[in-house]
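Those protein sequences? They're chains A and B, same order as listed.
Read in the working numbering, the first sequence has 151 at position 151, and its numbers run on one by one without any break.
Read in the working numbering, the second sequence has 390 at position 390, and its numbers run on one by one without any break.
Some clues are possibly wrong.
As the list claims (entries may be wrong) - Chain A is faced by these chain B residues, among others (derived, beta-carbon under 7 Å):
1. 177
2. 190
3. 191
4. 227
5. 229
6. 362
7. 401
8. 405
9. 419
10. 423
11. 427
12. 430
13. 469
Worth flagging that the hints you see were computed from the coordinates, not collected in a lab.
Bear in mind that the values here come from a model prediction, so they are computed numbers and not experimental data.
Each residue gets a CB set at the ideal place from its N, CA and C atoms; glycine is no exception.
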Amino acid sequence: MTSTRAKERLADRISGGLLLVLGLAVVVTAYGFYVPYQYEPLGPKAMPYLVGGILMLCGVRLVAVQPQRAMAQSRAQGIGLWWHQLLLMALLLGYGLAYELLGFVVANIIVSFGLAWLCGARLIWCCAVALGLTLAGHLVLVQVLGLQLPAGLLQGWL
Amino acid sequence: MEYLTEIFASLSLGLGVAISPMNLGLVLAGCLFGTLIGALPGLGPVNGVAIVLPFAYTLGLEPASALMLLAGIYYGAEYGGRISSILLNIPGDAGAVMTAVDGYPLAQQGQAGRALALSAIASFVGSMMALVLLVLATPILAKLALAFGPRDFVALLVFAFVCLARVSDARPAKTLSALALGLLLAMVGIDSGTGLFRFTFDLPNLFDGVDMLVVIIGLFAISEMFALVERTFESVSSAQVTRSAQLLLDMLRFRWTLVRGSLVGFFVGLLPGTGASIASTIAYGVEQRVQPATSSSGLSPEPQFGQGNLRGLLAPESANNGAAVGAMVPMLTLGLPGSGTTAVMLGALLMFNVTPGPLLFTTNPELAWGLIVSMFIGNLLLLLLNLPLIGWFVRLLAVQRYLLVPLVVMLTFAGVYAIQGDRFDLLLMVGLGSLAFGLRKLGFPLVAVILGFVLGELFEVNLRRALSISNGDWLALWQGPVALGFWILALGVAGAAWLGRPVRQGPG
């Protein structure tokens with residue numbers, strides 16, 4: 001329990017530090033806004049100053065003040081299967097990058113296969129999900145609903 | 001009397017809109033999809049609305065029809081959330097956490113069928129009671145809100161933000177910083193007052209600001225995928241769903257529990273940023289205090305709370321549905337969402353160029369009253385669907401994660417891409433989803449981020465208007481009875497530490 005609270009405390013300190021930096025960056029950026037003329041008293045800088053100020057204050061509080069008791073949602077949940085998260089992020093970014101280049105069908109087959117594998121499916125199920133889902137997706141989303149999704153490599157075939 | 005006549009006239013106007021075959025079909029589809037989404041462990045109403053929103057937009061649905069579909073998903077998911085809570089001890093969504101506390105022990109005692117049927121009726125009663133209150137309260141609130149000036153809106157929004165920070169489970173510093181992150185996201189793009197580019201980093205894609213849909217899906221669909229990949233849950237192999245002949249007797253016996261739960265749900269739902277999870281927790285606590293298990297009704301000894309007490313099942317279930325309806329009231333009348341899902345629906349309204357707020361009832365009464373009537377119809381449909389089709393919904397719980405994750409990813413990517421045909425949106429969505437998952441892990445509430453994002457522009461615009469009217473006099477923000485009232489309320493809520501927080505009990 002103690003180590004859980006210590007981890008939670010460390011996580012709070014790190015996130016507080018990041019918020020402090022972010023708040024400072026917001027204020028500095030807003031300070032640099034060049035406004036040749038404005039028609040109302042507040043102008044475009046006040047809101048960023050306010051938001052940056054809130055971020056910095058909250059950051060300081062998270063770094064400096066330890067909560068008296070654990071809050072329901074801030075229990076340290078551990079990183080868990082962190083490499084799963086990294087792989088998922090890589091897959092999703094790859095999907096986004098390849099969406100136009102490879103096209104919906106090819107990119108979706110590859111990514112669905114990867115996602116199913118990441119979720120622990122056996123190889124045969126990975127193939128079934130990738131092919132079945134993409135086929136169903138193409139039929140429903142493109143043919144029935146008429147969404148404009150990129151054909152990519154299969155341009156001219158679909 | 002005149003007031004009631006006016007309400008009936010408005011309801012008949014809404015009925016005309018809601019019973020068109022297209023809208024009835026959309027309500028039914030929303031309810032079915034919502035129940036399914038709510039039942040699936042990990043996915044809740046906000047995820048369901050986020051996934052369907054781009055399709056509703058791309059397919060060119062009328063704003064009223066789109067809103068009926070989304071609302072159907074919202075309250076359908078509140079019905080569905082109870083299924084996995086009771087059968088698996090895994091709440092389908094946050095609002096169903098308290099349902100598991102007594103629902104799961106009931107299922108373990110072989111009373112799954114009774115628990116599912118009773119909780120469906122409790123959901124129905126909670127929704128219907130809250131809807132009647134909504135019908136009675138909404139026109140009055142809308143008329144009052146018509147007199148709101150910019151400074152009143154500023155004070156109201158400050159009150160909303162303070163409420164959010166006080167009632168959230170997370171540390172207030174985390175809730176406030178999450179809110180500030182939402183406000184920061186809302187500032188990205190060209191400043192409407194001066195034409196200045198703020199936080200765009202010279203990226204043309206950001207000149208118009210961050211797309212509402214990208215933020216919604218990134219926060220609530222993509223981040224959920226990270227959580228789903230991490231989580232492991234067992235699937236249901238068989239569920240003993242039986243019918244109970246005692247149903248009517250049970251409902252009569254626990255009628256006051258249902259009334260209490262519904263009222264708590266509705267009024268908690270009205271508060272900005274609260275939603276179903278807090279309402280159900282409070283309703284459970286109220287039920288424990290009002291009538292402890294040992295000194296109950298006298299008909300027969302009832303189990304302790306947490307060990308299969310029916311009141312412990314019915315109170316949170318009626319409350320979370322009451323809250324879902326209650327959260328609609330400030331959204332429709334003030335343009336101020338009462339929960340995370342209504343924040344997303346508010347975003348949907350803005351996407352469809354409909355301005356929510358008091359004028360909605362005068363400029364677009366068909367939409368407002370059509371939506372309200374559709375909610376009556378939808379809840380009736382849900383009750384009819386949930387009693388006979390419960391076995392079918394239960395079987396859907398067996399859906400494997402390796403199918404669910406690729407399916408949601410495919411739908412969200414297709415939905416977002418179809419809006420503008422730009423892969424930048426996809427990458428931004430993944431970036432925001434990853435950030436949102438990190439925030440969740442660190443205990444920052446995402447509902448605060450979305451509320452900040454949706455309300456950010458409204459706050460800034462009204463602050464600027466108020467100060468323009470007062471020639472830069474900040475003291476003017478505190479003048480006027482409405483503004484002053486909200487400031488006092490905000491101070492009261494901020495200082496009400498003595499009220500304490502409800503103690504949360506996890507399932508099992």
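Tested hints:
no.: 1; hint: 177; result: 4 Å, holds
no.: 2; hint: 190; result: 10 Å, violated
no.: 3; hint: 191; result: 4 Å, holds
no.: 4; hint: 227; result: 9 Å, violated
no.: 5; hint: 229; result: 5 Å, holds
no.: 6; hint: 362; result: 28 Å, violated
no.: 7; hint: 401; result: 5 Å, holds
no.: 8; hint: 405; result: 5 Å, holds
no.: 9; hint: 419; result: 10 Å, violated
no.: 10; hint: 423; result: 5 Å, holds
no.: 11; hint: 427; result: 5 Å, holds
no.: 12; hint: 430; result: 4 Å, holds
no.: 13; hint: 469; result: 10 Å, violated
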